[in-house]
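**Q** The sequence shown lines up with residues -29 to -1, 1 to 499 when you count with mature numbering (1 follows the signal peptide of the UniProt record, and there is no 0).
Bear in mind the hints are in silico, worked out from the structure with no lab data behind them.
Watch out, some of these pointers could steer you wrong.
Pairs of lysine to aspartate or glutamate residues, derived as EDC-like cross-links and limited to a Cα-Cα distance of at most 16 Å, are as follows [said to hold, decoys possible]:
| # | residue 1 | residue 2 |
| --- | --- | --- |
| 1 | 405 | 202 |
| 2 | 339 | 202 |
| 3 | 229 | 155 |
| 4 | 171 | 264 |
| 5 | 171 | 114 |
| 6 | 123 | 85 |
If you're wondering where the values come from, they're calculated on a predicted model, not measured in any experiment.
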Amino acid sequence: MKGVGLRRHTFMFLVAFLVWSSSIETCIARKSKHWRQRRHAASVSLYKKKTKDHGHGHHNYHNGGTKTKPPPYKTTPPSPKVKAPPSPKPKVKVPSIPPPQKGYGNGQQSKVFDVLHFGAKGDGKADDTKAFQAAWAAACKVEASTVVVPAKFIFLVGPISFSGPYCQANIVFQLDGTIIAPTDSKPWGKGILQWLEFTKLKGITVQGKGIIDGRGSGWWLEAPYEDPYDDERKLIIPLNNTVQERPPMPVRNELSGKMPSIKPTALRFYGSFNVTVTGITIQNSPQCHLKFDNCIGVVVHDMSVSSPGDSPNTDGIHLQNSKDVLIHGTTLACGDDCVSIQTGCSNVYIHNVNCGPGHGISIGSLGKDNTKACVSNITVRDIMMHNTMNGVRIKTWQGGSGNVQGVLFSNIQVSEVQLPIVIDQFYCDKRTCKNQTAAVALSGITYEKIRGTYTVKPVHLACSDSLPCIGVTLSAIHLKPMQERYHLYDPFCWQSYGELTTPTVPPIACLQIGKPPNNRVQSNYDVC
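Generate coordinates for the entire structure from the input sequences, incorporating the hints supplied.
**A** If you want it as structure tokens, here you go:
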């Protein structure tokens, strides 16, 4: 019995030991599970905090600073000691010499448009007209842009218009190369009035050291006999008593084929504000070299015009319906007026200009075909003229209306000029013109400090019978004859009234002092 009791006691002890061991493992397991859960919670909390801080550092890249929500936790989060890698910087694509029209540099659009980048060849043979059009179209969209015509290239360009009015302001046309006109008749069609034209622009500047070459000799040779010629030729009688009705034509001819009878102006500006032309040379235009029509605020300086003295109707600078014009520091050599001032012009100031060969500086012709002409406030001073037909001149047609008033010609130095001082109210550039009583009224015309030599007649003042010139003032006139190929004449005046403020050489006794006895009150027909 004692052995059985011992065995029972041992069995009970083993059962108790096993039960105790099981309870200890269960407690350890529970404790381990709770520790892992707490560690996981702490890690997630730390990760959330780090992610939150990282998001604050990039506010400006997430919709104005909206907090970035962290992604759901799926794998073991990074250790708190390991920093998240920085976001990669976006790659910036830098073009190698980008086309100017696409822009470059800090995302800004280019303001320089080189015609070579638009397909121009510049070899003087290929037609570069389309390339010039494309360059202008791109520059037109950008304020204060520059179209570049580079030096050392020759660009063959047909008739072209650089047009507004929707172009941006203050465009610069930088001309350092040479632009030449076509030498065949096809690009000109039946006739075009201008070759290079800028229209309806604000703040347009043409500048540089380049050349515009109209290659016009063929046009001059093929000029119709009916083309107008300067009527002052009737006053110039050679010593052999033969009058040359038309000037001799140049012998060279660069153009092939018959050219249209309508001759183009080389460079024209129309309907534009604040126009500047400087530095360039315009040569051998088929007709007028540089024209401004319906422009306000024109400045022309330090440029030149060059054509033979016998090239017909090749005015240097032609002004029409333009106001507030300044021309200075220019050299003008051509076959017609160095500067021609037409109807609708006012506030024109011309100074320090060299003129010759040519026909001088003229107001007119005005009133053709019974039209009304208005010109006022014109100043021409500090001018050098050599070997010109006229010096300073006003010319009007019979039958016109309107008036010319407030004109000053001052400090004009003439050398071998045929007719230094001219008013001609019987102008006619055709074979015959009928007599008419109506005329453009002339008043307030001053000639002062006109000095030098003449070869035909020093003064020619021929005013209208029905509407005499009034307020003509002559002062410090000193002109000496130079016998060359022409008959010399004394000063001539007709229906000219005004005053002599100083003695003159030669004496100009023909000017009638004061006002005409039957001075007509200006009518609405004359008022501008």
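**Q** Hint by hint, note whether the structure agrees.
**A** How the hints compare with the structure:
Between the alpha carbons of residue 405 and residue 202 the distance comes to roughly 14 Å, so the proposed pair stays at or under 16 Å and holds. Between residue 339 and residue 202 the CA atoms are separated by roughly 13 Å; this keeps the pair inside 16 Å, and the hint holds. For the hint pairing residue 229 with residue 155, the CA-to-CA distance comes to about 8 Å; that is within 16 Å, so the pair holds. Our distance criterion of 16 Å between C-alpha atoms is met by residue 171 and residue 264, whose separation comes to about 11 Å.
Our distance criterion of 16 Å between C-alpha atoms is met by residue 171 and residue 114, whose separation comes to about 15 Å. The suggested pairing of residue 123 with residue 85 holds, with an alpha-carbon distance near 14 Å, which does not exceed 16 Å.
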